[in-house]
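A.B. asks: What follows is each chain in one-letter form.
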Amino acid sequence: MLIRKFAAGAFLAAATLAFSAAAGAKELTVGLASEPTSIDPHYHNLTPNNSLARHIFNPLIRMDANQGLVPGLATSWTAVDDLTWEFKLREGVTWHDGSPFTADDVVFTFERAPNVPNSPSSFGIYIKGKTVEKIDDHTVHIKTEVPTPLMPNDISTFSIVSKKHGEGAGTEDYNSGAAAIGTGAYRFVEWVPGDRVVLERNEDFWGEQPEWSRITIKPIQSDPARLAALLAGDVDFIEGVPTTDIATLERNEDITLSQGISNRVIYLHLDHFRDDSPFVKANGGGDIVNPLRDVRVRQAISKAINRDAIVARVMEGVAIPAGQLLPEGFFGVSPNLEPMAYDPEGAKALLAEAGVPDGFELTIHGPNDRYINDAMIAEAIAQMLTRVGIRTTVETMPRSVYFRRASRGGPDGLPEFSFILVGWGAGTGEASSPLKSLIHTYDADRGYGASNRGRYSNPEADALIEEALATIDDAKRQDLLAEATEVAINDGAIIPLHYQVNTWAGRKGISYNARTDEYTLFTEVFSVE
Amino acid sequence: MTSVTDPTAAQPQKVPDPALLDAGAEERAAQQTPFRRFCRDFFASPVASVAFVVLCCILFIAVFAPWVSPTDPYDLAVVDVMDNRLPPGSTSFDGSVTYWLGTDGAGRDVLSAIFYGLRTSLFVGVASGLIALLIGSSVGLVSAYYGGRVDSLIMRIVDIQLSFPAILVALILLAALGQGVEKIIVALVVVQWAYYARTVRGTALVERRKEYVEAATCLALPSRRILFRHLLPNCLPPLIVVGTVQTASAIALEATLSFLGLGLPITEPSLGLLIANGFQYMMSLQYWISVFPGIALLITIVSINLVGDQLRDVLNPRLQQ
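Protein chains in written order, with numbering that gives the first Met the number 0: chain A, 0 to 528; chain B, 0 to 320.
Treat the hints with care, as some may be off.
[To be verified] Ranges of calculated distance between the beta carbons of each label pair, as one might list FRET restraints:
#, chain 1, residue 1, chain 2, residue 2, range
1, B, Ser222, A, Leu413, 53 to 59 Å
2, A, Glu327, B, Pro69, 40 to 46 Å
3, B, Glu181, A, Asn489, 40 to 46 Å
4, B, Phe63, A, Glu352, 41 to 47 Å
5, B, Asp93, A, Arg250, 40 to 46 Å
6, B, Met81, A, Asn489, 42 to 48 Å
[Stated by the list, open to error] According to the in silico footprint, chain A covers these stretches of chain B (three or more CB under 8 Å from chain A):
#, region
7, 263-276
8, 283-292
By construction, these hints were calculated from the structure, which means they are not laboratory data.
We treat Cβ as the ideally placed atom computed from N, Cα and C, and that holds for glycine.
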């Protein structure tokens with residue numbers, strides 16, 4: 000429902016434009032909050048990289064604005080049996096150099112993508128355990144050892160590259176453009192790191208022709224500077240509009256805003272696994288047995304947080320209070336979970352019941368350049384917890400430092416912090432993604448709990464998640480995912496705060512079909528003359 | 000000015016002051032203590048007098064911030080996000096406090112935050128200035144007194160240090176050291192000591208050729224004594240001037256570092272961090288979060304500089320009519 004409400008305006012605009020969009024020479028200059036770390040689509044599984052790769056390359060299956068699956072380089076996909084999926088490939092598609100796209104390219108991609116040297120975050124998690132087999136030039140079979148209901152979601156995450164250009168090509172060959180030959184709507188022209196990425200429309204694109212003939216992408220990291228560039232006319236379109244400026248921009252007739260809810264939940268992760276937690280202290284600084292391991296304390300923290308106040312005052316109303324891992328409308332969410340109501344008295348009562356009536360001392364760690372208003376949210380939470388007796392100090396740091404320390408900064412490569420502010424975007428567009436990575440017991444070998452920085456472990460939730468991931472039947476899987484979510488949230492595995500709502504802004508008449516995956520795709524930017 | 004007990008130690012006043020050579024001056028000088036003369040000269044300029052009074056007020060506020068602030072901006076149990084970004088003159092959510100200069104993004108009273116911020120900024124500026132002065136003047140004295148290779152070595156180090164922009168050196172240091180008040184002070188000391196060393200060396204080179212030093216050397220006094228009892232007191236006037244200017248620039252540098260996010264924790268902002276936090280609201284015309292701390296910083300630095308300028312004029316005989 001919420002998604003529909005937010006995206007409705009953008010959809011209307013898109014619908015009217017489908018008729019008026021002319022294929023003339025129109026250029027678009029955009030200001031993005033961060034630049035990709037590479038043009039190689041398999042180098043780094045990171046939003047700016049994936050977002051850019053979607054223009055030059057295509058995956059077999061694409062995701063629409065609400066992360067629904069739509070045909071990409073594959074026209075259809077079906078499960079032949081529990082362990083085999085058949086993909087029919089699109090015919091008549093050519094690479095940017097004119098050579099035809101065939102099943103050989105798919106087979107090559109499955110070899111290359113998980114094995115890119117020095118990849119900071121590999122696509123291997125989506126590809127390992129899957130073997131691809133060419134049936135004919137336009138049919139492939141993908142086999143797995145266990146039933147994989149999420150096969151289409153996994154396949155939608157990575158781009159198909161050309162065997163002809165990709166064989167033997169390293170990441171630097173993609174960055175220079177030599178190997179950056181895709182099937183996408185745009186051809187790669189140049190990348191000047193720190194300054195610009197330039198794309199040119201592929202006139203032979205197999206899908207619908209986009210409106211803009213040439214795109215210049217400028218990385219402008221500072222929020223006020225990016226907005227100033229738009230207001231000054233240096234760029235036509237920007238992402239990541241600061242929430243504080245939305246009200247002013249709504250009154251500005253020269254600017255068009257586009258908004259959409261995201262699949263990203265902002266939440267608190269707590270130390271579930273150490274009795275002596277480094278950033279939890281008794282009042283006065285002495286040692287204390289980690290009270291965060293007590294579910295009553297976790298619930299007290301959740302009750303002490305006024306989510307409506309954070310949304311109204313810190314986020315300027317541009318966010319949605321969260322009660323679980325994904326917003327309403329996504330596959331696998333529970334209909335029974337509401338955001339925890341603000342109840343400071345109830346929180347104090349629970350703390351007293353748990354044996355810490357006078358509270359304790361806690362440090363919240365968070366990034367200061369990753370999520371919308373992240374440092375301010377951490378500060379607001381510290382205020383709210385301090386008021387129920389948990390004296391909280393705030394430490395924020397740039398993401399480059401933060402995530403490394405939060406994941407493995409402590410002794411023995413364990414998570415360093417006790418209480419952290421983080422976010423999780425469900426890349427697959429359904430609830431198994433956060434459940435598998437945040438809730439399931441940490442198990443590096445099997446790829447579970449990869450971002451479980453609180454090392455939460457609950458056999459009941461684990462069993463439900465594993466069962467869901469092996470259940471082909473959609474209705475049954477939906478129920479299992481919802482049940483796992485309920486078990487985890489009621490046990491205080493994580494404390495959800497809110498779902499992000501993203502805002503894009505363009506010059507008058509330039510609107511965006513807002514996406515839940517936070518990508519900025521120029522094929523979805525339209526203008527009204 | 001200095002309590003020098005050594006009978007051979009030269010007093011700065013022994014050098015005939017050209018200002019006192021005009022008619023009747025000697026007679027007046029006989030009635031006045033050096034301190035009174037200094038005060039008369041200093042307050043001769045109305046601008047400097049005003050600056051001095053303003054600086055005293057700022058120091059008072061900084062020292063007594065916990066008592067003069069309307070609220071405690073560092074107490075998270077008091078600061079309420081429901082009160083954030085209120086314009087100047089608003090009353091709080093529950094009607095108990097009036098925010099004369101508005102509130103910032105976390106609901107902190109800007110006026111109180113400025114008072115506490117001044118405290119941090121001045122503490123950092125003065126502490127780093129004093130430590131740098133101590134280190135710099137010792138090194139400078141040693142350099143001037145021994146001369147030769149020692150002098151060359153020390154002065155080349157100073158040259159190298161001064162050839163790097165101060166902000167760059169401080170940024171690199173803070174990136175390596177991490178955040179915190181004491182780390183900022185360390186970074187500022189490293190950046191500043193060279194200025195003091197160079198100033199003291201210059202003055203001491205002139206002084207050490209004078210007769211009183213020769214006399215002291217002839218008495219076979221130990222080097223340490225000549226350095227600190229004879230040379231140092233006579234190098235003080237330029238040191239005081241450089242000290243005030245450097246303190247002002249240390250405060251500005253600390254504000255810059257905080258603005259860049261390398262300073263202090265966000266729950267205990269200094270002036271630079273307040274300005275940085277308010278910067279993101281400038282486009283939506285919520286000017287007060289940045290502008291008022293900016294004005295406070297400006298007044299502080301200008302008044303310190305004006306006082307420093309006047310000190311230079313008063314302490315430098317050549318500039319007196």
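A.B. asks: Against this structure, judge whether each hint is valid.
C.D. replies: Consistency of the hints with the structure:
1. B:Ser222 x A:Leu413: 53 to 59 Å: holds, 56 Å
2. A:Glu327 x B:Pro69: 40 to 46 Å: Because 44 Å falls inside the window, the suggested range holds.
3. B:Glu181 x A:Asn489: 40 to 46 Å: Roughly 45 Å apart at Cβ, these two residues keep to the hinted range, so it holds.
4. B:Phe63 x A:Glu352: 41 to 47 Å: Roughly 43 Å apart at Cβ, these two residues keep to the hinted range, so it holds.
5. B:Asp93 x A:Arg250: 40 to 46 Å: Since the Cβ atoms of B:Asp93 and A:Arg250 sit about 30 Å apart, the hinted range of 40 to 46 Å is violated.
6. B:Met81 x A:Asn489: 42 to 48 Å: violated, 29 Å
7. 263-276: holds (count 3)
8. 283-292: Check passed, 3 qualifying residues.
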